[in-house]
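J.: The primary structure of each chain is shown beneath.
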Amino acid sequence: MTEVTVASLTELVAGRLIGDGERRVVGLADLRTARSDNIGFVRHPRYYEMAATTEAGALLAAEEFPTKASLIVVKDVDVAYAKVAMFFHPLPLATTHDIHPTASVHPEAELEQPVKVGANASVGKCKIGAGTAVMAGASVGDGAVVGKDCLFHPNSCVGHDVVVGDRVILQPNSVVGSDGFGYAREGATWIKVPQLGTVVLKDDVEVGSNTAIDRGTLGVTTIGRGTKLDNMVHIAHNCTIGEDVVMAAGAMVAGSTVIGDRCALAGQVGIAGHLNIPSDCRFAGDTVVLKDKNIEQNGDYMGHPVMEKRKYLRLMREMRKLGGGK
Amino acid sequence: MTEVTVASLTELVAGRLIGDGERRVVGLADLRTARSDNIGFVRHPRYYEMAATTEAGALLAAEEFPTKASLIVVKDVDVAYAKVAMFFHPLPLATTHDIHPTASVHPEAELEQPVKVGANASVGKCKIGAGTAVMAGASVGDGAVVGKDCLFHPNSCVGHDVVVGDRVILQPNSVVGSDGFGYAREGATWIKVPQLGTVVLKDDVEVGSNTAIDRGTLGVTTIGRGTKLDNMVHIAHNCTIGEDVVMAAGAMVAGSTVIGDRCALAGQVGIAGHLNIPSDCRFAGDTVVLKDKNIEQNGDYMGHPVMEKRKYLRLMREMRKLGGGK
Amino acid sequence: MTEVTVASLTELVAGRLIGDGERRVVGLADLRTARSDNIGFVRHPRYYEMAATTEAGALLAAEEFPTKASLIVVKDVDVAYAKVAMFFHPLPLATTHDIHPTASVHPEAELEQPVKVGANASVGKCKIGAGTAVMAGASVGDGAVVGKDCLFHPNSCVGHDVVVGDRVILQPNSVVGSDGFGYAREGATWIKVPQLGTVVLKDDVEVGSNTAIDRGTLGVTTIGRGTKLDNMVHIAHNCTIGEDVVMAAGAMVAGSTVIGDRCALAGQVGIAGHLNIPSDCRFAGDTVVLKDKNIEQNGDYMGHPVMEKRKYLRLMREMRKLGGGK
Chain A
291 MTEVTVASLT
301 ELVAGRLIGD
311 GERRVVGLAD
321 LRTARSDNIG
331 FVRHPRYYEM
341 AATTEAGALL
351 AAEEFPTKAS
361 LIVVKDVDVA
371 YAKVAMFFHP
381 LPLATTHDIH
391 PTASVHPEAE
401 LEQPVKVGAN
411 ASVGKCKIGA
421 GTAVMAGASV
431 GDGAVVGKDC
441 LFHPNSCVGH
451 DVVVGDRVIL
461 QPNSVVGSDG
471 FGYAREGATW
481 IKVPQLGTVV
491 LKDDVEVGSN
501 TAIDRGTLGV
511 TTIGRGTKLD
521 NMVHIAHNCT
531 IGEDVVMAAG
541 AMVAGSTVIG
551 DRCALAGQVG
561 IAGHLNIPSD
571 CRFAGDTVVL
581 KDKNIEQNGD
591 YMGHPVMEKR
601 KYLRLMREMR
611 KLGGGK
Chain B
291 MTEVTVASLT
301 ELVAGRLIGD
311 GERRVVGLAD
321 LRTARSDNIG
331 FVRHPRYYEM
341 AATTEAGALL
351 AAEEFPTKAS
361 LIVVKDVDVA
371 YAKVAMFFHP
381 LPLATTHDIH
391 PTASVHPEAE
401 LEQPVKVGAN
411 ASVGKCKIGA
421 GTAVMAGASV
431 GDGAVVGKDC
441 LFHPNSCVGH
451 DVVVGDRVIL
461 QPNSVVGSDG
471 FGYAREGATW
481 IKVPQLGTVV
491 LKDDVEVGSN
501 TAIDRGTLGV
511 TTIGRGTKLD
521 NMVHIAHNCT
531 IGEDVVMAAG
541 AMVAGSTVIG
551 DRCALAGQVG
561 IAGHLNIPSD
571 CRFAGDTVVL
581 KDKNIEQNGD
591 YMGHPVMEKR
601 KYLRLMREMR
611 KLGGGK
Chain C
291 MTEVTVASLT
301 ELVAGRLIGD
311 GERRVVGLAD
321 LRTARSDNIG
331 FVRHPRYYEM
341 AATTEAGALL
351 AAEEFPTKAS
361 LIVVKDVDVA
371 YAKVAMFFHP
381 LPLATTHDIH
391 PTASVHPEAE
401 LEQPVKVGAN
411 ASVGKCKIGA
421 GTAVMAGASV
431 GDGAVVGKDC
441 LFHPNSCVGH
451 DVVVGDRVIL
461 QPNSVVGSDG
471 FGYAREGATW
481 IKVPQLGTVV
491 LKDDVEVGSN
501 TAIDRGTLGV
511 TTIGRGTKLD
521 NMVHIAHNCT
531 IGEDVVMAAG
541 AMVAGSTVIG
551 DRCALAGQVG
561 IAGHLNIPSD
571 CRFAGDTVVL
581 KDKNIEQNGD
591 YMGHPVMEKR
601 KYLRLMREMR
611 KLGGGK
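Residue numbers (our numbering), protein chains in the order written: chain A, 291 to 616; chain B, 291 to 616; chain C, 291 to 616.
It cannot be assumed that every hint is accurate.
The list cannot tell twin chains apart, which means a pair is met if one copy fits it or any two copies do.
[Claimed, not checked] In silico PhoX-like pairs for lysine-lysine, Cα to Cα no more than 25 Å straight-line: (1) 438 <-> 492; (2) 581 <-> 365; (3) 601 <-> 581; (4) 611 <-> 438; (5) 492 <-> 482; (6) 417 <-> 611; (7) 482 <-> 438; (8) 599 <-> 581; (9) 482 <-> 365; (10) 601 <-> 611; (11) 601 <-> 492; (12) 601 <-> 358; (13) 599 <-> 415; (14) 415 <-> 492; (15) 599 <-> 417; (16) 417 <-> 583; (17) 438 <-> 417; (18) 482 <-> 583; (19) 492 <-> 417; (20) 611 <-> 581; (21) 482 <-> 611; (22) 599 <-> 583.
Note that these hints are calculated values from the structure, not bench results.
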């Protein structure tokens with residue numbers, strides 16, 4: 291159990307402390323069940339009354355209000371909550387060097403101690419940075435270069451020669467570096483084009499369960515720093531995905547498309563190949579961007595065919611009329 | 291080879307026996323190739339002629355008709371067929387305690403004998419009920435509690451602390467208990483919100499290949515008793531899915547949505563987050579329910595934008611006219 | 291490093307040689323960085339100028355043009371490139387018999403030497419042809435029959451009794467032979483219908499990452515010779531997919547549907563069950579074929595509802611008008 295002063299947590303979240311900073315807390319709790327060694331959080335003024343009488347020793351809140359708890363005032367309670375929660379529940383990274391007896395590690399693999407390799411995991415002739423944990427059944431191919439403090443969940447696969455930055459998280463059964471879908475047609479027959487490139491995941495990328503990122507045909511498929519991909523996302527060969535992008539479950543991007551920074555793709559969005567999506571575009575769920583339609587500026591997009599969101603909302607009203615009802 | 295009397299099978303399917311109940315059968319066969327120790331099935335009156343002369347020793351049918359076979363008359367031939375087929379082809383559950391030498395089982399795991407753990411499977415410090423089989427390469431995390439007679443197919447993953455009922459089937463490469471897609475935004479950066487909750491799969495749930503069910507942020511993602519999920523289904527964190535729900539391949543449900551009992555989602559359906567879908571709703575293939583549209587009562591829904599099915603069918607006719615053809 | 295004469299490569303690609311056939315090359319390179327022992331390729335006349343002065347010892351091109359390199363003139367540069375690239379970068383098939391010490395191979399498995407079985411892979415009582423490589427964590431079930439020169443990437447799963455032709459590639463985490471989604475309804479309860487059939491993958495099939503192909507209920511799910519499936523494709527039970535079909539990521543085909551030869555499904559296409567799609571149909575991205583609409587002849591299709599492509603393009607223009615803008 292981690293024990294910490296309220297003053298330390300205030301520093302962690304860059305907050306402003308009101309009250310006793312020497313109190314010690316050992317974990318998070320909600321307002322109702324908190325004890326004096328817990329820290330709670332107040333997301334909305336409607337909870338001020340409850341928070342006034344909570345037993346919690348400390349509270350995260352967006353402004354000052356009357357309470358007997360020590361108060362840590364922060365700009366964004368959600369961000370502060372995330373940091374405090376991660377403090378009390380850190381990722382299961384490697385803190386001691388620990389290779390499970392059933393794991394397979396290539397004798398020439400370069401593991402920067404400490405590294406954890408779980409049961410039945412397979413590590414090829416690759417490099418892995420300190421702190422990284424390769425969990426049960428996961429595999430890392432030959433020639434891969436993996437950074438520090440990464441977490442590869444069970445049965446995730448990192449292909450040969452893939453480059454992974456620091457603090458990258460792969461959820462279970464995710465795949466990084468499978469072959470791109472590339473064929474040349476000879477008569478009716480599809481001839482496989484060897485996929486000789488690789489994938490680069492920059493720092494702080496997270497990849498969801500059963501998501502697949504294909505290696506480049508010759509060059510590189512790149513996922514930018516801080517980008518987060520949900521479950522069952524598909525990134526085809528030679529894509530370049532910007533920084534701080536989010537893609538919800540089932541979003542798919544076809545080959546060679548470039549997605550700018552801070553774009554957001556909701557669930558089941560599809561983007562055709564060889565497009566160039568500017569930074570700061572947001573696509574509503576199930577939006578489909580085919581090749582007939584360039585996205586030329588940032589903004590909110592929606593629908594099939596894709597349109598500016600406000601226009602598509604109008605179209606939806608018209609469509610409902612055509613159907614004879616709301 | 292299992293040998294059984296026709297009388298016993300009649301009892302198994304709660305049918306009505308016409309003819310000799312002492313005949314013994316050893317397996318299913320179709321009407322043409324059946325031998326005297328096979329049981330066949332007749333789904334439609336058009337097969338009565340063929341069934342009259344089949345060699346099969348017994349037949350499942352919905353009503354009496356002339357045949358030399360023993361006849362088991364049942365209300366629903368499909369249901370009876372399913373039960374008889376499962377009798378002759380039971381799931382490969384554990385009947386003897388059998389830990390494969392290449393498997394890894396945590397020394398403090400509590401396995402209620404008999405349990406089968408296959409080649410290169412990894413079982414953490416968890417509890418597993420009698421009869422459960424963990425097949426090749428599958429993993430069960432620390433703190434998981436798994437019921438009786440479950441079947442975890444190769445490379446399926448059960449995350450830490452996940453709770454699984456009895457008779458749950460996980461198809462290959464399915465994931466239960468991956469992290470939900472939760473981040474707080476600090477400037478342009480997405481800060482990971484630790485996903486501290488878990489997943490509960492109630493009894494008789496089946497999870498398809500490459501399907502992913504995320505753990506709750508703080509609470510629980512629940513899949514109700516008897517619910518069946520096809521391949522590549524996505525259930526986001528904090529969803530509550532009712533009982534006897536079916537979701538076909540590619541159906542995706544965003545975070546915190548509640549789906550009532552007996553709902554049916556056809557392939558590639560998408561449901562936005564924080565919605566409340568009543569029981570007994572059916573969604574046609576590729577239907578998308580965005581946040582702009584509440585589903586307030588049970589019924590048949592379709593389309594993008596989602597509408598009552600009969601209205602969307604009318605809209606489709608209008609759309610085809612606008613395209614200048616059927 | 292493989293060294294080969296230009297004359298040999300000319301034969302490999304069935305080209306016409308102009309210049310010195312005795313030159314030796316050791317690999318591919320682009321025009322700018324090529325050395326004299328590299329072969330380059332010229333896809334378009336706009337590169338003729340650069341190709342005139344390249345250091346490359348040989349070039350693939352579609353017609354004759356002035357250059358000091360040996361020229362291999364071919365009908366299709368992409369096809370010739372694919373063959374030359376595969377020559378220099380062959381798939382990592384088995385060339386020596388090599389069972390990793392952490393792999394599990396059933397004592398009665400019949401492996402036709404040489405076969406490679408990687409770390410923590412699991413091979414049941416099955417047959418595997420010469421040249422096939424089963425990579426880390428992959429599994430092959432009892433009764434499976436696998437051909438020659440197949441490549442099963444990490445954590446791919448071949449179910450029991452599945453039949454796999456020659457030169458079949460399974461990308462990581464793909465599943466062949468999971469149970470079909472078959473249930474009979476008894477009251478509100480779904481009773482599992484045992485899936486007693488299997489899957490047949492014909493020669494030269496490729497299956498993408500996290501793709502799933504379900505076994506037949508009684509019969510067979512068939513993927514025709516030369517068919518290529520991208521990532522997260524779903525093929526339901528009892529489908530018959532023709533030869534030389536391509537399906538891009540996220541395409542899904544429901545149960546018992548027949549897809550003809552040389553069809554092309556773009557990303558996220560959905561096809562309902564029990565349909566019969568003629569050969570040579572092409573479906574644009576996200577097209578949905580529901581049961582209300584038969585596809586009766588080959589051609590280009592698009593949209594939701596599915597229409598002939600030219601009609602749907604017209605409909606899209608009308609829809610954009612209804613939304614009040616392009």
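J.: Is the C-alpha distance from residue 482 to residue 438 at most 25 Å within one copy, between copies, in both cases, or in neither?
T.: between (35 Å within a copy, 17 Å between copies)
J.: Please work out whether the CA atoms of residue 482 and residue 611 approach to 25 Å or closer within one copy, between two copies, in both situations, or in neither?
T.: neither (49 Å within a copy, 42 Å between copies)
J.: Within, between, both or neither: how does the pair residue 492, residue 417 come out at a Cα-Cα threshold of 25 Å?
T.: within (16 Å within a copy, 38 Å between copies)
J.: Is the C-alpha distance from residue 417 to residue 611 at most 25 Å within one copy, between copies, in both cases, or in neither?
T.: neither (60 Å within a copy, 56 Å between copies)
J.: Go through the copies and call it for residue 599 and residue 583: within, between, both or neither, with a Cα cutoff of 25 Å.
T.: So residue 599 and residue 583 pass the 25 Å test inside a copy (14 Å) and across (15 Å) alike.
J.: One pair to classify: residue 417 and residue 583, alpha carbons no more than 25 Å apart. Within, between, both, or neither?
T.: Classified as neither: same-chain Cα gap 43 Å, cross-chain 50 Å, threshold 25 Å.
J.: Checking residue 611 and residue 581: alpha-carbon separation at most 25 Å within a copy, between copies, both or neither?
T.: between (29 Å within a copy, 19 Å between copies)
J.: Are the CA atoms of residue 601 and residue 581 at most 25 Å apart within a copy, between copies, both, or neither?
T.: Classified as both: same-chain Cα gap 19 Å, cross-chain 17 Å, threshold 25 Å.
J.: When Cα atoms must be at most 25 Å apart, do residue 601 and residue 611 count as within-copy, between-copy, both, or neither?
T.: For residue 601 and residue 611, the Cα distance is within 25 Å both inside one copy (16 Å) and across copies (9 Å).
J.: Is it within, between, both or neither when you check residue 415 against residue 492 at 25 Å Cα-Cα?
T.: within (21 Å within a copy, 34 Å between copies)
J.: How would you label the pair residue 599, residue 417 (within, between, both, or neither) given a Cα cut-off of 25 Å?
T.: neither (46 Å within a copy, 50 Å between copies)
J.: Within a copy, between copies, both or neither: which one fits residue 601 and residue 492 at a CA-CA cutoff of 25 Å?
T.: This pair counts as neither: shortest intra-copy Cα distance 36 Å, inter-copy 43 Å.
This entry does not satisfy hints 2, 4, 6, 11, 12, 13, 15, 16, 18 and 21, going by the numbered hints stated previously.
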